[in-house]
Structure formats: structure tokens, C-alpha cells
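K.L.:
Use these hints to put chain B onto chain A, whose structure you have.
Quick note, the sequences are listed as chains A and B, same order.
Residue numbers for the first sequence follow my numbering, so the first one is 1 and each next one is one higher.
Residue numbers for the second sequence follow my numbering, so the first one is 1 and each next one is one higher.
Simulated from the structure, these hints should not be mistaken for laboratory data.
A few of these clues could be false.
Intra- or inter-copy, both count: the list cannot distinguish identical chains.
[What the hints assert, rightly or not] Restricting the straight-line Cα-Cα distance to at most 20 angstroms, the calculated cross-link-like pairs of lysine to any residue (SDA-like) are:
#	residue 1	residue 2
1	Lys234	Ala93
2	Lys234	Leu96
3	Lys234	Gly98
4	Lys234	Leu104
5	Lys193	Ala314
6	Lys193	Pro308
Protein chains: 2
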Amino acid sequence: MRATLLYGDHDIRIEDVPDPVLSTGGDAIVRVVAACVCGSDLWGYRGVVPTRGPRRIGHEFVGVVESVGPDVERIAVGDFVIAPFYDCDMTCANCLNGVSTSCLHGGWWGADDRMGGFADGAQGQYVRVPHADGTLVATPGQPDPALVPGLLTLADVMGTGHHAALSAGVTEGSTVVVVGDGAVGLCAVLAAKRLGASRIVAMSRHAERQAVAREFGATDIVEERGAEGIARVKELFDGIGPDCVLECVGTTESMDQAIRSARPGGMVGYVGVPNGGSELPIRLMFGTNVGANGGVAPVRNYIEELLPEVLSGAIDPGRVFDLELPLEEVAEAYAAMDERRAIKVLLRP
Amino acid sequence: MRATLLYGDHDIRIEDVPDPVLSTGGDAIVRVVAACVCGSDLWGYRGVVPTRGPRRIGHEFVGVVESVGPDVERIAVGDFVIAPFYDCDMTCANCLNGVSTSCLHGGWWGADDRMGGFADGAQGQYVRVPHADGTLVATPGQPDPALVPGLLTLADVMGTGHHAALSAGVTEGSTVVVVGDGAVGLCAVLAAKRLGASRIVAMSRHAERQAVAREFGATDIVEERGAEGIARVKELFDGIGPDCVLECVGTTESMDQAIRSARPGGMVGYVGVPNGGSELPIRLMFGTNVGANGGVAPVRNYIEELLPEVLSGAIDPGRVFDLELPLEEVAEAYAAMDERRAIKVLLRP
Chain A
1 MRATLLYGDH
11 DIRIEDVPDP
21 VLSTGGDAIV
31 RVVAACVCGS
41 DLWGYRGVVP
51 TRGPRRIGHE
61 FVGVVESVGP
71 DVERIAVGDF
81 VIAPFYDCDM
91 TCANCLNGVS
101 TSCLHGGWWG
111 ADDRMGGFAD
121 GAQGQYVRVP
131 HADGTLVATP
141 GQPDPALVPG
151 LLTLADVMGT
161 GHHAALSAGV
171 TEGSTVVVVG
181 DGAVGLCAVL
191 AAKRLGASRI
201 VAMSRHAERQ
211 AVAREFGATD
221 IVEERGAEGI
231 ARVKELFDGI
241 GPDCVLECVG
251 TTESMDQAIR
261 SARPGGMVGY
271 VGVPNGGSEL
281 PIRLMFGTNV
291 GANGGVAPVR
301 NYIEELLPEV
311 LSGAIDPGRV
321 FDLELPLEEV
331 AEAYAAMDER
341 RAIKVLLRP
Chain B
1 MRATLLYGDH
11 DIRIEDVPDP
21 VLSTGGDAIV
31 RVVAACVCGS
41 DLWGYRGVVP
51 TRGPRRIGHE
61 FVGVVESVGP
71 DVERIAVGDF
81 VIAPFYDCDM
91 TCANCLNGVS
101 TSCLHGGWWG
111 ADDRMGGFAD
121 GAQGQYVRVP
131 HADGTLVATP
141 GQPDPALVPG
151 LLTLADVMGT
161 GHHAALSAGV
171 TEGSTVVVVG
181 DGAVGLCAVL
191 AAKRLGASRI
201 VAMSRHAERQ
211 AVAREFGATD
221 IVEERGAEGI
231 ARVKELFDGI
241 GPDCVLECVG
251 TTESMDQAIR
261 SARPGGMVGY
271 VGVPNGGSEL
281 PIRLMFGTNV
291 GANGGVAPVR
301 NYIEELLPEV
311 LSGAIDPGRV
321 FDLELPLEEV
331 AEAYAAMDER
341 RAIKVLLRP
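Next up, chain A with everything else stripped away, as it sits in the complex:
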């Protein structure tokens, strides 16, 4: 099959690799219908995270089940399925606690998995899925093709935006600021709106992203950054700041901005993959009672809740995809995201 490999700094290729095979009784093989490029893929692509050797990449996909192992019970050949950006059994204590990203038996796409076989990346034609019964969620019947982008966001960005909002405690009437206008930040706007936020500020200086943010429910846009951005946000909320700040970038600067923007007693929900050795400034947080909660989003735990709304059209997170390319053009997909020519690129194998 064809699959994507990251070789190093700005060197991404599509090559022939072995077809995956069922290697445990609980596996499924899924034919990828749509995959995409994540902002976090860019850390490796940009060389910020060094690549030791060519490695499979991609962790978001939806597709159709081609075959299943003998122990698989909930998923059947022919099902249209959504996979979260990791595999998990959904039966261990952590999965049952709602934290399937800490599954005691799970793993990550594109990494050697714990069952002995190679874990495929999602940016390829097929993926072997361990713990298929836990990992995959099947849609009721085959979905309308127009819904595929929205369904694909449940693999990561929509669930991750939702996690930011939940982690920050967004609820009916909350005031919210979203730091980051990538796909996750935009989905965080949508998630906050869905949870009943009364006012949502999107921090963005990019006209097209601002437009999507407004569609998703942003009531205000702030273009300033750093100290000016913080001052502007405070000003919008009576000089105090918002209840909740959703940090969807992961740099030291963005986290600092988030913590300094929240009102005393407020909460930062963070889902940006921490990059650049940022630590949280505990003395500042102690003095203002601003908390930080979040992490790698357990999106598998959210799929059942969000899926009906995507299927009904109540929410349309698929709007974050503004470029679609064949899988063979994956290098262009990375370049477009890297250069911020695209918010998020959908790939069709």
C-alpha cells in the first residue's frame, strides 16, 4: 500500500510499504476514506522535534472496515468507522475514568505498538487498528459523503477543542477566550458555543480564520498579541478577564498569554501540545487562583456525544478543512499547512 513517511526537516514522502495484516484477535484493518494533517505533525516536519529515521506519520482517519480478528464483536466488516488519534481498549480503569489517552493497553498511530506489530500511520491507504472494539466507533449506516470532513474532525480536532472547553469548565453563561486560530482553536470556539458560553473571543489576525471563528460562534475577535492582547482581553471583560481561556497552541508564549488573560479564579483549559520546554508559572497562578487543566485530549470518550450532532448537521466542524488533496500530494499538504496557506488539509487516499 501507499503510506506517508516523515524523513526529516521539511522532507515528507509517500512510498510503498507492506500492507497491514491482522496480528491480534482484536485487530481490524481499515481502508482509509479520509485522513488529514495535524498542527502537531508540523513539529516533526519543521524539525522542531528531531526525526531519528523515516517514520510513519498521521493520526486522524475515518474509513471502512476491511477485515476483523476473531475476537472483535462490536465492529463488523463494511462499517464506516471513526478512529481517535490513538488506540485504546475502553475497558481499563483509565478509559472508564474518561481518560482513554491513558489507556493501560493503548498506543499511538505511527509508533511501535505494544502488541508486537508495527502501528500504521493514518496518512496511508490502510491502517491496522488494535483493540478495534474499543478504538473504533461505527456510524449508523454509511454516512453522506458531505459529512466525511465533519466526521474526520471527531478523530482529533473537534474532540480536542471540546476537551479544552470541558477542562476549562465552560458551561452555560461562561465568558471564554480562545488562544490559537488553528483547527483546534476554531473547534474550541464551536465547543464553547455548544456548551453555552455567553461570549467567546477568538484571538486571530487572519481574516479567513476569523470568518470561520465567527461562523462557529465567536462574538469578538482580538488581533493583538502578547501584553497588548492581554490588555485588550481584560478590557473586553470589565478589566477582570474571562472565566475560561482555551489554550490551543502549545508554545510558552501562548500559555503565558492564556494564564495572564484569565480572570482571578479563572481556568485555563489547554490542549496545545507543549513545545519549547514551557513550564507553568506557579507563583503567578497561586496569586491569582488561575488553574490549568487539560492535556492530550481523550477524544474517544467524546465521539458518542458529538457524533449525533455532526450527523444531524447541528454542528459542522468539517468547516475547518479548507483544502483537499489526494494522498499522493501529501508533501503539498504539509507545505500548505506549514506556510499557513491552509487551516487544515484533508487527504483522500
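P.N.:
For chain B alone, kept in the frame of chain A given last:
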């Protein structure tokens, strides 16, 4: 009047200082009935926090109102009152948001206040209280003298323990670990019990403190610290860890222990004054979805809730006082706390 001054490393004295006078219309003068020494006072006493010159100290007191300014409406001469460890107006946006420690017009005992006058420390005979209507809570009538220690804990340690528990999200059925067996840690045990925790582990290697922890509701004691303490705690909770960890010390080591003890998706409620430049390890927290919430406890916001239970005897946080001395012996009070001969010392002017 007589009042305590910190001169420097292990140099604490009681001296004659000017009597306080009403200096704003909203002031009250309170005659101190009982004050005490706080673990955080020891940072200065031990020289960990340098002292630039002699300064008033002490921030926990209860007493009787001697006089009030013309604008005071809620508090009257003769009232028995509890003061939180700061002053606040209870009318600004932050106070109304439940974060009176961030009062827009408040200040701290023993610091120059913002109304122009000198702010007394609590370890003295009298205290001028700014914003008396906001700051002070009067008991209904004169309390039974036996209740004075319990009432005094509402000035800081009981409210602070409660804040740790609330910040960590302790609720009916939560599993809880408390790091720190000082007065705040012990009160955190009591607060967790009160909020319905199903299992509460107190980390302590001190027999008398363990006994108080058990009285307050601890179901288990862990004596180990560091990596061994973490392993023991994980073991007690199915290898996963507890839902909530209450960090009541404030050192780098104790915060690290707290974060590493919590289960994935768990929450650290922290109230130990951060000391030693500790920062929060965001990558670890991101990977495990362990959040950190808390800070300088807005105890004024909790007094009305906790007061009836102290008055009725439903809770007896006054048990944390295991030594009572006349104010004139304040130096011995500090030494006893410093050398851990006493959990907490009550001072009688």
C-alpha cells in the same frame, strides 16, 4: 499596644507599638482575643524569605470590635468577629466571583495597606481592619470560649484546606490524597471528609498528626515520601492513583509528589505557598491530563458556609492547635512550630 515584629532569621520580638486608630470611614478596630502562627510565617522566620527590616507579622485572628468608623453598617462595637488573612470589600467583581483574595481594593495584614495607614499584623493586641463591612464576619452573639480555636481556623487554615478540596473538585465519593500534615493539610482532610470523599489518605510520618488526621476522617496513612510514597499511593488505588490530591506544603518536592500521585485525569488542588521557585511540569501534566488548581485561598468567601458547623460542633478544626501561649511568648511559639514540636500554636494577647 504590644505587637510582634519579625526582625530576621530566627529573630522575632514583641514590642510596644502605637495603638491603631480609625483612619477611614470604613475601618474597625478589633481587640484580638486569639491569634496564631502560620506555617507561611516560618518562611520569613527561617530566613528563606529575606526580611529587609523589622516588620509586623501575623495574619490570623478573632476578636471583639472596639470601635468602628462612621461608614460601617454590618459590624457593631462589641461584636465577636472572625477576620480572614487579608482585608477585602466583598463588593468588587473579584470578591463577587468568589475570589476575595484578589479584591480590587484589599490588602494584607502586616503590609502597608492601600488606604494610607499602616496595616497591623494579627499577632498583636489590636488590629485596624479596613473595609470592616466586607472583611469581618460576626458570630451570632458571643461564642462559647471553647469554640474560639475552631473559629480562629476560619481565618485561614480551615478555609484554606477547604479551598484545596474544592479546587481539586472533591465531591461525594472522591478518592483523595493529602500531601502535608501541617494544620492546613489536616484541615484539608477534614474538608475532604465534609465534602463526601470516600477514601482519604494522609501522608504523614508523625504519630500525633496521624492521630488528628484519623480523627478528621483519614482512612489511610502513608509514611513514605518521594518515589516510594507515590508508589504506595498508586498501590492503594488500583495502581492508578486517586482522583484528587491536595497539596498543602508548597515545596517543589511536595508539588511534584502531588502531580505524580494523581490518577490520569485527576486534579491537584494546591494551597501551599509556592516556595523555592517551583514551576509546574507541563509536559507531564499534559501527558496524563492531571490539572492544577488552587492558590491563595479566598477564605472570606467560605466563612459563612463553615461557621455554622463550627458553632454546632459538627466539625472541630480547632483540634489543630496543640499548644497555647500568651502573646508575650510569641518567640517560643515560633520556635515550637519551626522545630515541629507543635502543629499550630494559639496566642492569647
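K.L.:
Among the hints numbered above, which are violated by the structure, and what are their numbers in rising order?
P.N.:
none
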